[in-house]
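Asker: Now for the letters of each chain:
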Amino acid sequence: MQNRAMKRRVRLNKLKTFFSKPQNIILLVLGIVLTVTTVAPIIAIAKDTITVHPGTIDANISGKTEGFTLANYVDLFTSRTAKTNLWTPLVNTLLLSTIACVVSIVFGGVFAFLITRTNLKFRKYLSSIFIFPYIMPQWTLAVVWKNLFYSNAVTHSANGLLASVFGITMPAWWCQGLFPSAMVLGLHYAPFAYILIGGIFRNMDANLEEAATILDTPRWKTMFRITLPMIKPAILSTVLLVFGSAMGSYPVPHYLNFETLSTKYISMNSSRTGEASILAIIMMVFGVAILLANQLTLKSRKSYTTVTGKSGQISRFNLGKSGKYVIGAILIVITFFTSIYPIISFAFETFLPNPGDYSFLYTGNIQNLTTKWWITSENVTENGMYGQQGMLYNKTIWHAYGGTLLVSVACALTAGIIGTLIGYAVSKNRRSKWANYVNNMAFLPYLMPSIAVGVAFFILFSNKYVNLFNTYWLLIIVGTVKYIPFASRASLNSMLQLSGEIEEAAIIQDIPWFKRMFRIIVPIQKSSIISGFMLPFMTCLRELSLFMLLCTQGYILSTTLDYFDEMGLYAFSSGINLILIVTILIFNTVVNKVTGASLDEGIGG
Amino acid sequence: MKKILAMMLALLMIAVAFAGCNGTKPGKEESAVQKIIKEAEGMTLEELAKKAIEESNGKNFYGVGNSSRGKSALPKFIDYLKTIEPSYELNFEWQQPKNNKIFDQLSADSLKDVGTFAVTLIQDGNQIESKMVKTGILDTFIPLDWAKANNTTADAYKGYLPLQTLNKVFEYNCTGSKTYTNCWDYVYEGEHGLFMDVDSEIVGKNFLYMLTNEKYAGYLKEAYEKLPEAKKAYFTPVIEAMKTDAKDLGLGENGCYGLAWIKLWVESYMAVEDDGPICNTLVQQSATDQFGLLVYSKLRSVEESDTVSKNNIKVAAYQDGYEGIGGYGYCHYMFVPDNSPLPWTACAFIAYITCTVDGFSAWGKDMGGYSSNPTVAAGTEEKYGHSKGGYNEAGENEFDCKNDRGYDWWVNNGKLVIEDPEYCASVAFTVGSWIEMLSKYKPTAE
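Protein chains in written order, with the working numbering: chain A, 64 to 668; chain B, 47 to 492.
FYI, nobody ran anything at the bench for these hints, they're computed from the structure.
Any given hint might turn out to be false.
[Stated by the list, open to error] With the C-beta cut set under 8 Å, the calculated list includes, among others, these residues of chain B facing chain A: (1) PHE149; (2) GLN173; (3) GLU313; (4) MET316; (5) GLN330.
[To be verified] Okay, derived cross-link-like pairs now, EDC-like style, lysine to aspartate or glutamate, Cα gap no bigger than 16 Å in a straight line: (6) LYS491/A <-> GLU564/A; (7) LYS578/A <-> GLU567/A; (8) LYS435/A <-> GLU75/B; (9) LYS180/B <-> GLU75/B; (10) LYS434/B <-> ASP446/B; (11) LYS429/B <-> ASP404/B; (12) LYS458/A <-> GLU139/B; (13) LYS180/B <-> GLU129/A; (14) LYS84/A <-> GLU441/A; (15) LYS435/A <-> GLU427/B; (16) LYS267/B <-> ASP294/B; (17) LYS117/B <-> GLU139/B.
Idealized CB from N, CA, C, for every residue including glycine.
Pulled out of the complex, with its shape left as it was, chain A reads as follows:
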């Protein structure tokens, strides 16, 4: 009897000790919630691969109108169309994702190094401007690419700007296919690398590098043996984020005529619905594989601590008297084309009489410009307005703008808080299997193609019991689940850098958890944590694939933008792009003023 009571007391004490640690409570609660929100869509997609869909190939092969069949697997992997529908898009997707990763890491990483670790000039300006490609919806960069490089001779279209103004005709591989798709995605995601790698560079104590210098270690050796290993978690996180995103990117390869799994997913969805879901599963499998590889690599090292209780300082490499200006100027030119030119192009587009009609540039005749896209206040169908009022009066656009702000702010706050907590709790329990499980569960939705997640949640929440279709609730739930990885990755990276002794000092002094978080941990890793809020916000502002099935076109700005793009009304879509960019800049400034840190200044300033 006594023994049993003792055991019970021991168990109770163990439970008490377990729950006395906030990180354990966080992991338990979020583990359960995330399992439900992550597994449910996976099950829905997996089930779809074996479900008979009337009017599609599986119904045709199996002869059934309902029930289950393996026909989709058999047909996709073994039929005559396997090469067209599976293998070629698969190889293309892997190439695209890999090259996009390399471009974004090299471009973003080098940029981050130059901004944070050198005495480069114009740092503040360059840092602000660099994130612009990520602010803009990715397919608009593809549209800009087309407007620049297409030509009658090569792409059988009207001449783009380069061909018509300078008579330069770019080769086909430059205009369409793998190269432009990878470049556009690489440029679009380079700010990821910049934010994640730059965050570490900025916080990195230079003592180790200085020790190497004192020991007369060559610079390249210091870079490869000390600096790069320290930023390894950030590089791996960037690979994870970029690879997953590039793999699930639909609009860029679609606009630039490159066949990938995601474009195949869309094109097969009508007549080969179940097979399209298998493609989604394949994308997820690759995502999980990278996640596993990432985990194995991280396990092999003991610590990534870069921020300790000891004093630290950043030393800046000297680029030389002229070097700091020359490199700065080169970067200004490069960022002009990646960040400023698209904005000028968008603004210019809103004054053209017809989409892509650059008559003004050839003739200088002011009559070839118009303000109709902005100030038309009545409902007219002539002159290409398609019954739309000008942007300043267009209720659809402004209603969608309000909706977008609501969804983005809600998603950023919810995903940011949950992600930060996950990052904190996982870093505290690094060796725990449950912590790893929670971390992986939080990350899995990111590896699923957005469109597939949208479909899954649409099915989940459109039934006779719960009908959330076309409500902001649904968009916020889906957005939160999808964007937690941004915050959890940013938070985990920064928390892994944080030495335990900092919090331990506060624990010894019996300072409560909330106070420890808000007075010590959050202030130290402010820039990374704010990234965890700003990334979901920015992504949500122009998210399309995820939301396109869940609401109507006038509900949020991205679906409205896409609608206008589809109609060929580039003036409206360009105008919406401008609105989005201005909005993000305003938010960035406000956050900067209020908290003293921001997405770009936190790194570059």
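Following the hints, position chain B against chain A.
Answerer: Chain B alone, transformed into the frame defined by chain A:
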């Protein structure tokens, strides 16, 4: 991780097992909406309007469609109901999903006892037939006045209710010297027509399916025979090579002409994401010698400037001596979802837009869309004069390409290929799979 995967598999199996327990849809018993439709088919527009007022006053009405014009038609419908009951109010929302998602949206909505969407305007007869009608998701309502105008009755009429036929026509940039006088010219060596990718817009695939139909394959054969010998020599080996495939696919005698044209087209067309951008490209001065197959009505949105003009293009079928198919016609159909929350209002709306010129005006005010109701079609032409749409106020023929010659001309003289839902559904997985095997054109491959 092994544990996670094991758990996921276990959950999947449980989910599948539960899913297997789902009840099937009830048999052939008439649904509540079908009963209402049956009753509504015997009513005049005014009688339907009264029923609609009774049912939906002050409520929300959701419509979903492939055309955005439903949004402009609904206020007119509300105004019409207000002439009967001035206090009538209706909040409405019209959705226009893209990328074929309308079918997913309607399928998911059909799972509910009472759906969200009251009415739908939908295209792609093939998918409608196999996914929406055979599954009982959508019901057809034939308005009394529409049936009368077409000399039929709701019981006798067996098809779906088309609101309008739209046409995609071959147009070419005429700033150079090149002309297109035969439909085989579009697939001749070195030609690359601008066309919405068949995987983006499935009605484009239906166009290809229809070319294997004996009637339209016959049109292709006739056009082929009128080609000069030099061009014939280019096409003959391809046509010969298609004979075995045509036989294997169970096509008729002229099927090889259809397959040859499809093969050469798929392997040469330049995919563009929408008809709007195709139109914007072709009307530019720099698009010399380019051509495309695009929605005719897109021409309405072109504004004249120093380098852009509607006179930079020509409609191929309007040119003297043109041989063969001039384009493709497909329908926008009207349906009532079988779980429509407002079936009476949906029927009244359908009757209003298919049986009155005002109701159809949301579509009828522009060229290139032809009402399926002959009375409305005539009224629309009288009101908007599309046959002289290119004339200016001084009575001069300023933009010839905008003079829409009308549905009958297009079908008889323009040899428009008209979508047949049943035929498309029957060849979707034979000819469809054959098309998937073809390599689409990529400029990089040259």
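Asker: Can you confirm whether the C-alpha distance between LYS84/A and GLU441/A stays at or below 16 Å?
Answerer: Outside the cut-off at roughly 62 Å; violated.
Asker: LYS491/A and GLU564/A were given as a pair; does the straight-line alpha-carbon distance stay at or below 16 Å?
Answerer: Judged against 16 Å, a Cα distance of about 12 Å means the pair holds.
Asker: Within a Cα-Cα threshold of 16 Å, do LYS435/A and GLU75/B meet the stated pairing?
Answerer: Judged against 16 Å, a Cα distance of about 55 Å means the pair is violated.
Asker: Checking hints one by one. Is MET316/B an interface residue toward chain A, by the C-beta closer than 8 Å rule?
Answerer: holds, 5 Å
Asker: Given the hinted pair LYS578/A and GLU567/A, is their Cα-Cα distance within 16 Å?
Answerer: holds, 13 Å
Asker: Between LYS117/B and GLU139/B, is the straight-line Cα distance small enough, at 16 Å or below?
Answerer: The given pair, whose Cα atoms are some 7 Å apart, holds under the 16 Å limit.
Asker: With chain A as the partner, please determine if GLN330/B meets the hint condition of a C-beta pair closer than 8 Å.
Answerer: Holds, because the Cβ-Cβ distance from GLN330/B to chain A comes to roughly 4 Å (cut-off 8 Å).
Asker: A closest beta-carbon separation below 8 Å is what the hint needs, so does PHE149/B meet it against chain A?
Answerer: At about 7 Å, which falls below the 8 Å cut-off, the nearest Cβ of chain A leaves the hint on PHE149/B intact, so it holds.
Asker: Does the nearest C-beta of chain A fall within a distance shorter than 8 Å of the C-beta of GLN173/B?
Answerer: holds, 6 Å
Asker: So if I understand the rule, the pair passes when the alpha-carbon distance is 16 Å or less; does LYS434/B with ASP446/B pass?
Answerer: Cα-Cα ~9 Å, so holds.
Asker: For the pair supplied as a hint, LYS180/B and GLU75/B, is the alpha-carbon distance within the 16 Å limit?
Answerer: holds, 14 Å
Asker: Hey, LYS180/B versus GLU129/A, does the alpha-carbon distance stay inside 16 Å?
Answerer: holds, 12 Å
Going down the numbered hints, you'll see the structure goes against 3, 8, 14, 15 and 16, while the others check out.
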